[in-house]
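Chains A and B supply the protein sequences, listed in that same order.
As numbered in numbering that gives the first Met the number 0, residues 0 to 384 make up the first sequence, in order.
As numbered in numbering that gives the first Met the number 0, residues 0 to 384 make up the second sequence, in order.
Accuracy of the hints is not assured; some may be wrong.
Put simply, identical chains are the same to the list, so a pair is met inside one copy or across any two.
Under the rule of at most 20 Å between Cα atoms (straight-line distance), these lysine to aspartate or glutamate pairs were calculated in the EDC-like manner [unchecked claim]:
1. Lys81 - Asp112
2. Lys27 - Asp86
3. Lys152 - Glu374
4. Lys125 - Asp234
5. Lys361 - Glu374
6. Lys125 - Asp22
Since the hints were made in silico from the structure, they are not lab data.
Nothing here was measured: the structure is a model prediction, and the numbers come from that model.
There are 2 protein chains.
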Amino acid sequence: MLNFDFYNPTRILFGQQRIADIDKHIAKSAKVLVLYGGGSVKATGTLQEVLTALGERTVLQFGGIEPNPSYETLMGAVEIVKQQNIDFLLAVGGGSVIDGTKFVAAASVYQGDARDILKTRGGVIKHALPMGAVLTLSATGSEMNNGGVVTQKDTHTKSAFFSQHTFPQFAVLDPTKTYTLPARQLANGVVDAFVHITEQYLTYPVNAPVQDRFAEGLLLTLIELGQQAVHNPTDYDLRANLMWVATLALNGLIGAGVPQDWSTHMIGHELTALYNIDHARTLAIVLPAMLTVRQDAKRDKLLQYAQRVWQITEGDEQQRITLAISKTKDFFNGLGVDTQLSAYDLNESHIDTIIQQLSAHKMVALGEKREVTPEVSRQVLMLCL
Amino acid sequence: MLNFDFYNPTRILFGQQRIADIDKHIAKSAKVLVLYGGGSVKATGTLQEVLTALGERTVLQFGGIEPNPSYETLMGAVEIVKQQNIDFLLAVGGGSVIDGTKFVAAASVYQGDARDILKTRGGVIKHALPMGAVLTLSATGSEMNNGGVVTQKDTHTKSAFFSQHTFPQFAVLDPTKTYTLPARQLANGVVDAFVHITEQYLTYPVNAPVQDRFAEGLLLTLIELGQQAVHNPTDYDLRANLMWVATLALNGLIGAGVPQDWSTHMIGHELTALYNIDHARTLAIVLPAMLTVRQDAKRDKLLQYAQRVWQITEGDEQQRITLAISKTKDFFNGLGVDTQLSAYDLNESHIDTIIQQLSAHKMVALGEKREVTPEVSRQVLMLCL
Chain A
0 MLNFDFYNPT
10 RILFGQQRIA
20 DIDKHIAKSA
30 KVLVLYGGGS
40 VKATGTLQEV
50 LTALGERTVL
60 QFGGIEPNPS
70 YETLMGAVEI
80 VKQQNIDFLL
90 AVGGGSVIDG
100 TKFVAAASVY
110 QGDARDILKT
120 RGGVIKHALP
130 MGAVLTLSAT
140 GSEMNNGGVV
150 TQKDTHTKSA
160 FFSQHTFPQF
170 AVLDPTKTYT
180 LPARQLANGV
190 VDAFVHITEQ
200 YLTYPVNAPV
210 QDRFAEGLLL
220 TLIELGQQAV
230 HNPTDYDLRA
240 NLMWVATLAL
250 NGLIGAGVPQ
260 DWSTHMIGHE
270 LTALYNIDHA
280 RTLAIVLPAM
290 LTVRQDAKRD
300 KLLQYAQRVW
310 QITEGDEQQR
320 ITLAISKTKD
330 FFNGLGVDTQ
340 LSAYDLNESH
350 IDTIIQQLSA
360 HKMVALGEKR
370 EVTPEVSRQV
380 LMLCL
Chain B
0 MLNFDFYNPT
10 RILFGQQRIA
20 DIDKHIAKSA
30 KVLVLYGGGS
40 VKATGTLQEV
50 LTALGERTVL
60 QFGGIEPNPS
70 YETLMGAVEI
80 VKQQNIDFLL
90 AVGGGSVIDG
100 TKFVAAASVY
110 QGDARDILKT
120 RGGVIKHALP
130 MGAVLTLSAT
140 GSEMNNGGVV
150 TQKDTHTKSA
160 FFSQHTFPQF
170 AVLDPTKTYT
180 LPARQLANGV
190 VDAFVHITEQ
200 YLTYPVNAPV
210 QDRFAEGLLL
220 TLIELGQQAV
230 HNPTDYDLRA
240 NLMWVATLAL
250 NGLIGAGVPQ
260 DWSTHMIGHE
270 LTALYNIDHA
280 RTLAIVLPAM
290 LTVRQDAKRD
300 KLLQYAQRVW
310 QITEGDEQQR
320 ITLAISKTKD
330 FFNGLGVDTQ
340 LSAYDLNESH
350 IDTIIQQLSA
360 HKMVALGEKR
370 EVTPEVSRQV
380 LMLCL
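Using the sequences provided together with the hints, build the complete structure.
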């Protein structure tokens, strides 16, 4: 096992009817800005439930945070925070709203150009406003971690940032709040959580059996429940288990003490920034190709994955690895998520642009062994066509 | 899945050579009391390493915290804290030292009789001194949770307490610090962690597949590594994995959203308080008997345990359950831990006293369904002879 630090102070309030409990975890005197995305939190009544829970506190609202939240939009919220002396931020939504709120929390108290936060991957963050989250979509894990991803529209750049100051103080995880989500978003959530796990699991062995078992447990649960959860919108247990898996997939636990990859995410970010493909769908395209191209470096873990996650025990090593990758792809397809660039009208002619963007963003030595060069990324993208 | 709160702000500093890092996590101006047990932390050099890391801070020491730390001893530390205006406590040791330090942290600032903390199971704790831990023995999980157990010698009473104010702020987990432990203590640690897991796993199903998979992953790892870890004192990975398992076995994660039992612990506490049997050894005695007596209430989970943890697939349900319990017992015995009261010179004549103590301590409706009455406890103890 590798040396590691693990720190995660976010308080999880899990279950039905938990929104009212936010009252216990925000100062009575706080001046709160509630941040959300489109109109769905209004239509479903979740926003009103939050406002009721906040009681007599002074509350302002900031709506319109888009999927893949943009620097440009978020700076509008930063302006309000500064002008109105807001001292608590409450995100109501999915990963984009929570990521965006983390950025606002840091940018509102940063002395200087807020783009520094993105340029330094959060390194300049020395403090941030306190924040909480009410989750309405299981996918990114942002509700219980300290990271976010923000897009600068002008340069088609998606930038990740991290800081120990940007953990939500609490997160309400009420599975019933996901009942009204469209199947497409649910399927995206399953894929997003799945690939968060593989980025931390499918690398190389460092004798960390607990991390392996936990990652496998999460993957097995997603495989068992994924399709059912997408198609049974009001089955509480399915939604609850999916929600808890997605949170645990990226709260730091399964990645503590093991190597991590993240090259699939980095290439996926370019696809979203350039062509506006849903984040999860970019992962479903890139992951199978990445595993295929890098199977020698990942051989031991791929064989373990084949056996423990897909119960593949027949065939030689090459056959087992190929079958495991193929089953991964089938799983994504079975959720209604395409796994080829052609499904998004992209072809070989677009690859140069993607590679150029990777280079422009210094994504030239990716993966757990830093061996995903632009040339390897090109091989991967060719397999995605 | 049941509704739950999960909150665990302890920062884990895991790996070799991490003691020096405590310097970053204690205020430079802090007046520190270092608490420890017997002389082993002196003999091994760990205490000196801690003192070096604390640098120029004012540091006092309090040694002599015994296994199953006593109220009487700990009140001596409380006296020092008050007289010397100590403002940070640093536990250096195993579960007993860390549990005791939590009690000191709360009792030092409690206005009233410190026994109230034990009588109310921590309910009266409204604040506590900040504390950290340097772990030297993997077993109890106290390094990353908010609970402790303290013995009042005068009444032979072991009392558990919990408070959100008694989490260690940080815990250093350096596996090399366990190299010098005697095999007996290591074996105890494996059993203790094992039974912490079964108390949260072997109850009844509530459709919580992730919690099940995590618990099974921890049990499988203990079974794979337990004996090896006991007999290979300087194998880093074995000790590291054992350490991380024991921490995760009782940090709140696998018990979140599921029923919990803890009747084996409550009966075990009486055995320790009356007859001074090592805590883990009392668990090894009681657990197999408890599972046998309560197998109807635990049927579904016992069958899952048989299949997933012990790979038992042959035989009818009764045979599989019986074999799983028998393998559990064999596992403890294989570690050199006895599983019968007779090994400690106890016989049927002692059972009345144990039952009387359970009743005196109001332990009359134990377990996940509150159905472990004194009569059921008697049946269990008869099977332990």
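How the hints compare with the structure:
no. : hint            : verdict
1   : Lys81 - Asp112  : within (14 Å within a copy, 48 Å between copies)
2   : Lys27 - Asp86   : within (12 Å within a copy, 29 Å between copies)
3   : Lys152 - Glu374 : neither (26 Å within a copy, 70 Å between copies)
4   : Lys125 - Asp234 : neither (43 Å within a copy, 39 Å between copies)
5   : Lys361 - Glu374 : within (14 Å within a copy, 70 Å between copies)
6   : Lys125 - Asp22  : between (27 Å within a copy, 19 Å between copies)
Taken one by one, the earlier hints fail for this structure at numbers 3 and 4, listed in ascending order.
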